[in-house]
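Trainee: In case you want the letters, here they are:
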Amino acid sequence: MKFDIYDFSVLTSSIHELLRSVMGETSVMITEMVIVGIVFLTLFSVLGLVLIYIERKVCAFFQQRLGPMRVGFWGTAQTVADAIKLLLKEPLMTKSADKFLFNLAPFIIIISSFMAIAAVPFALGLQALDLNIGVFYVTAISSIGVAGILIAGWASNNKYSLIGAIRSGAQIVSYELSVGLSILTIVVLTGSLQFSEIIESQRDGWWIFRGHIPAFIAFVIFLIAGTAETNRGPFDLAEAESELTAGFHTEYSGMKFAFFFLAEFVNMFIISAIGATMFLGGWMPLHFGELTSFNEIMDFIPPLFWFLGKTFFIIFIMMWFKWTFPRLRIDQLLTLEWKYLLPINLINILIMAFIVLMGWHF
Amino acid sequence: MSVKEVQNSKESQEYFVNMGPQHPSTHGVLRLLLTLDGETITNVEPHLGYIHRSIEKMCERDSYQQIVHLTDRMDYLSCHMNNEAVCLAVEKGLEMEIPERVKVIRTIISELTRLSSHQLWWGVMGMDLGAITSFLYGFRDREMITDIFEETCGARLTMNYNIPGGLMFDIPSNFQTKVKEFIIHFRKKLPEYDQLMTNNIIFRNRTEGVGILTKEDAISYGVTGPSGRASGWNNDIRKIKPYSAYDRVEFKEITYTKGDSFARYKVRIDEMWESMNIIEQLIDNIPEGNYKEKTRVVIKLPKTEIYQSVETARGELGVYINSDGKKSPYRVKFRSPGLSNLNALNSMAKGGKIADLVTIMSTIDLVIPDIDR
Amino acid sequence: MTRQELQNKILSFPIETSFAETEVETQYLTTDVSAKNTHALISELKNNSDTYFDYLFCQTGIDFPEHMEVLFHLRSTTHLHEIVVRAKIDDRENPIIDSVYDLYKTAEYHEREIFDLFGVKFNNHPDLRRLFLDDDWEGYPLRKDYVDEINIVEL
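Protein chains in written order, with this note's numbering: chain A, 1 to 362; chain B, 1 to 373; chain C, 1 to 155.
Errors might be hidden in some of the hints.
Taking lysine-lysine pairs in the BS3-like style, the calculated list, with each CA pair at most 25 Å apart, reads [said to hold, decoys possible]:
1) B:57 with C:121
2) C:9 with B:241
3) A:339 with B:353
4) C:121 with B:215
5) B:189 with A:57
6) C:121 with B:239
7) B:303 with C:121
8) B:327 with C:144
9) B:215 with B:252
10) B:252 with B:239
11) B:294 with B:103
12) C:46 with B:241
13) A:99 with A:89
14) B:215 with A:159
15) B:57 with C:46
16) C:144 with B:303
17) C:46 with B:326
18) C:144 with B:326
19) C:88 with B:57
20) B:252 with A:159
21) B:300 with C:144
By construction, these hints were calculated from the structure, which means they are not laboratory data.
The shape of chain A in the complex, shown without the other chains (with noise of 0.2 Å):
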């Protein structure tokens, strides 16, 4: 029995003619628009403090511990007192800071998370922009990013902040090649810069399997990538708490100091979904090819819960990067993007482009 998986189109197109019908075409927009952004900050909050309480308990996995477990059942509402406790703290600003750039630099980077966020694909209709130059908007939104902490860096005058910044300045500029260049990579076998293209394009099969030996090289480089982007795991040394005490977050207390935190995690989960819509089909099924009773028997479990079990995995092994290993320096990063990575990346890139004219993938 073919079970078609659900769109959420038609929910969309319901509401919006519900709304239609009471009011004029701009209040329509608009009320849609305020809409989409409060689902999105709810998102944004649940999904901050979801993957904190995560952060934590597998941190304890690893070091043979059992993490929070006094507050709620198991934890649970371990994030929400700490995130009381942000709020409740004083709001401290050096005197000689720069007030302006001080308090702006975490707008910037909660702004370009949330406007990369809004492009990532849930699940078959359910994606807030999908422009046909998908990729292409959101290698270039989390770009802004590194305005933020510069910006961080520079604001707060102390010397350990501005070594912070420079150092993950240098480090995300570096890296974003390699991201942008392993997407690059699996855009040659789809032909398409949409996200819901790519997507369809997976039906017979995710790509990582599809597009054997080069697509599996591009994953591996674009977990690297992806952790580096998002200052994390052995790359963290923008703010290496045993080096420069907090980097370019030293300065800030309470909820600025929160924004910076929830960016970090909300990054992380925007390049692990991109991770897994790109290689591993998004909310596409595990599918093979001919095999159509077994891609029935996929098709039982919604969509959504195949994009979020993707996106979590990544992020696991992005954890276990971080509670695993050592930090690189500086100097040894950039030697692994500029010397290492981007030109295997480029060559890899020629393969692929070579397999799909020759048609060797699956």
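With chain A fixed as given, assemble chains B and C onto it according to the hints.
Mentor: Quick look at chains B and C alone, frame taken from chain A:
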């Protein structure tokens, strides 16, 4: 260039960063004034004295038994060895014969202390480099040793177990079983340390070739202990001037020749294996006898000068006692290993990056109360 | 080299040294020398290949009622013998002695510590400042006549 010169010169691109007294990776209250050119260090100037407690002055007022209690607080990670140094010095001055049982137990407990100090060092080194998980693994294994000490001496950190003349209490009846259990457990865990850090390529890149100390510099600066042995200098006091039961056990003296941070790391890991070998050789054959010799209540050394060295986990700790026949010594000087090791920091860190400085400081294994006394 | 051989070797140097007679034999061979001859004696001990004392393992200051002493404990890493050089400084009000930093780099911190706690000035030291106490501290605490207003350590 000194501070004034840099501030006055207009072409200099150097700037100062303070790794202040409160810092997660200076292992105590140590202030380092770094002169940086971009990310490269041109000068490191340590400022000490934040935990100076005038222990040497206090020793001129206290009796000889009380001095032993002050030494725990110097290098708190090798406190048994500190106590042992003073006790051996006093016993040498009184020309006492110590029972064999006391010597063997002192050696076993010193080696356990060395093991626990190295475990803590390994955990903290991982944490400084970014692999925070290693901190918890090191402490998990260290718990077994602290439990043994708690049962034997009554305390987990400042364990005054050695007194001039012997030990304060006899070992409990389950001491041998517990130590043997620990050895069996740790022999399985120590290869995990290698899997997690030693063979990791990121760790190798961070430590190989970083902070090289040549053998001539090591001797000139007086860098003893594992840091000196990693530069090829055989300075193990347990081999040169054996004390307690070290002359009847067989163990290797670990030296490497390269003198970089990775060599210092490997020396300590290999020393952990050797410590376990030493304990295994002694634990089954603890001789029977008294656990202390009777001394007078008020100990008075004759008019003499005594120097006693022991090999702590950090290097050669020397106790110099100059006594004039009264009940307190005239002058006590503790030759701390940390002071000489810290002296070499500037030459090791010049030309490296800030991240390298953190690596070098963790491999030298500084404990600041040992330096400041 | 044995103690007797060392003693003879040192007596053969062209520097004025003496060996004190004590009722109990000292632990190491102790050479007494005046403050102005110390640097010459130690550099001779270091550079002579028979003695070759290349490791200064302890440098101590001691305060006596009439004079001050600086003790140098030296060991040879090749011959494995040790010696103590006792430098007598007669002027207790303004004690000055030559630094051995050019021979042993470890003297840098040891001499700063002696300067800090005893007030002995070392010539040719690269950077003679206080080590543990504040730069503007008055007095030298480990001297026997040091008076502590807060009476932290009451002898």
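Trainee: Which of the listed hints are broken here?
Mentor: The structure breaks hints 4, 6, 7, 14, 15, 17, 20; every other hint is satisfied.
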